[in-house]
Amino acid sequence: MTATAGAPGPIRLLLADDHPVVRAGLRAVLDTEADFRVVAEAASAEQAVELAAAEGGEGIDVVLMDLQFGPGRMHGAEATAAIAALPGGPRVLVLTTYDTDADILAAVEAGAAGYLLKDAPPEELAAAVRTAAAGQSALAPAIALRLMDRMRAPAEALSRRELEVLGLVADGLSNQQISKRLFLSQATVKSHLVHVFAKLEVDSRTAAVAVARSRGMLPR
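Each number in this note's numbering corresponds to the 1-based position in the sequence shown with 5 added.
These are calculated hints, taken from the structure and not from any lab test. Heads up, some of the hints might be wrong.
Pairwise CB distance ranges (calculated) [claimed, not checked]:
(1) L150 - A203: 23 to 29 Å
(2) R225 - A192: 26 to 32 Å
(3) D40 - G93: 16 to 22 Å
In this text, all values refer to a predicted model and were calculated from it rather than measured experimentally. For every residue, glycine included, the Cβ atom is placed at its ideal position computed from N, Cα and C.
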């Protein structure tokens with residue numbers, strides 16, 4: 006059962022990160038807050054979903070979710086969507102080093118209650134946890150600014166699908182390979198790239214990737 010503002014008892018936390026050192030560091034920081042209690046840890050996104058969905062035992066109010074858990078593993082955004090779909094499930098606060106448009110949009114669209122970067126100061130992290138537990142949105146200032154910029158200039162912003170296609174272009178995939186990966190026709194892939202080129206004001210795949218990286222849309 007998710008905690009609400011004014012509810013008795015501590016805010017119960019699940020730490021989901023594949024690095025033990027990161028989880029230990031987070032636990033050390035969070036344990037200094039009297040109203041927090043870390044009740045579980047997960048080394049994978051799959052495990053985080055299992056723990057969040059488990060019945061009985063101690064409940065979880067907020068999941069602190071990383072995005073990348075290694076090759077072949079469930080992505081943090083996928084886990085966020087699965088947890089957000091649980092009836093009465095915990096809130097998910099994404100805590101990651103990734104701040105590209107692609108990552109932010111994937112997490113927000115998956116239902117994340119907040120998005121914070123791992124270099125956030127302890128007081129900002131604590132405030133975000135409390136905000137998420139209270140059922141409100143907790144976005145790092147830089148992330149909120151990025152989303153506001155997209156809203157102010159929607160014609161220039163790449164959609165999540167366009168970012169996904171461009172990300173695969175950056176990985177060196179051909180249109181045919183992208184179509185198979187995303188289960189799209191090659192004509193649809195080409196259409197997405199035409200829109201990408203127009204929005205970024207470029208005329209080649211290489212230039213599109215370079216501009217997107219320079220604007221923080223894709224990882225460098």
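Right, here's what the structure says about each hint:
no. : hint                    : verdict
1   : L150 - A203: 23 to 29 Å : holds, 25 Å
2   : R225 - A192: 26 to 32 Å : holds, 31 Å
3   : D40 - G93: 16 to 22 Å   : holds, 21 Å
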